[in-house]
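K.L.:
Single-letter residue listing:
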Amino acid sequence: MSESTFMGVPRDQIDWSPRIDYDKCNYCMECVEFCPHQVFEVHEEEEQKFVVKNPNNCVVFCRACGKTCGVDAIDFPNKADTTKHIKEIRKEMGENE
Amino acid sequence: MNKSYSVLPCNGLDKCAGCVSKEVALLLTEETDSKIICPVFYRVADAKYNKLLQETPLLVIDGCATRCASKLAAEKNLKITQKINISEEAKAAGLTLSDSLRIGDTEKKLAENLVKKLIEKERTRTENESSEATESEATESEATESETTDHVTTKKEAYEIYKKDKFVFRLPKKEGFYFNENDVWAYVTGRKARIGVTDYAQKSLSDIMFFTPPAIGAEIEQFEEAGNIESGKAVFEIISPVSGRITAINESLLEAPELINQNPYEEGWIAELELTDFESDKELLHSFEGYFQVMKRKVDEFHV
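Residue numbers (this note's numbering), protein chains in the order written: chain Z, 37 to 133; chain A, 1258 to 1561.
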């Protein structure tokens, strides 16, 4: 189930989701099993056995799947930049009202 | 004897982290009077360990993020006194565990350091406990409440309620409460704030069995992690609604994390902070009205 907005900002305007470093990943699938929001999709037959399928399902500022990663293959966008970006969009939205 | 644990280790015989768990458990039995609970045997016949569990504090050693040992403890309704996660500890120490199932020098060293830490922790815990006991005897009639405990009134009318089937979700209406969409509240008075999780968060997790507090003195930015709580279901990162310096944590949660389930807005609060930039933080926070709508939407979407 996607959250359509975050603090009133359309979710698809906020770039927040896990970035996978496939060179480090050992495909233990802990992150996939952990995430309750169907952010990942398993592709058993392919070289990259899973992908970030639904980035906008990811809860903005949640980094919990990264904690499950023993090899530190999961990264997230910069939090301060994201916060700034959200504030800017809100400001624009307020001005356009 | 004090300073010993009943140790419930991960039994991950097919992972290095599991083998380190076993090593930590073994070292503990050698250096203290601790006793190991075999998770495999415990699952099929718990009677053997019941007496031991009643008499000694429980240490749970998880190997990896799957947290099998924690989940077993939750299943058996055990009270966890202390807990470590080998993979997290290795990460924190900047070590990479090998792929081999026989532990090497790095793993051995890690296990030894962890055991030292655990023995020290148990020593401090028992000392604190006995000094607290003496203090409380001495000041039994005195009020020992912290200065901020009357933040919220316990009156029913202080909460708005949203019901879904048998679940009741409360939300405090009191002015001064702010919420982020990560289901964490902040109650702000002047330059100070108290934070905690919302009813939605605690109900989604169900029985909370462990609380990892943020470090006192730590500077935390808005939306940064301020500790976590854990149930049999999941680990929940507490994403701080405000930026500031941690000045206190709710120490009663260390002994009784279930207080969060009882009331996450009052006795189940998490931490207190000295605010650094609340005016700016506020821009990305909801007041009661805003979060109530968010909470209703979440309840309708997830609690079907």
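Don't read these hints as lab results, they were simulated from the structure.
The structure presented is a predicted model; accordingly, all values stated were derived computationally and were not measured.
Cβ atoms here follow ideal geometry from the backbone N, Cα and C, with glycine treated the same way.
One thing to keep in mind: the hints can contain errors.
Stated by the list, open to error - Every beta carbon over 12 Å from chain A, so not counted as near; a handful from chain Z, in silico: (1) 53; (2) 62; (3) 78.
To be verified - List of simulated lysine-lysine pairs, PhoX-like, C-alpha gap at most 20 Å: (4) A:1490 to Z:103; (5) A:1490 to Z:60; (6) Z:127 to A:1539; (7) Z:120 to A:1539; (8) Z:103 to A:1340.
K.L.:
Under the constraints set out in the numbered hints, which ones does this structure not fulfil?
P.N.:
Hint check: 2 and 5 fail, others pass.
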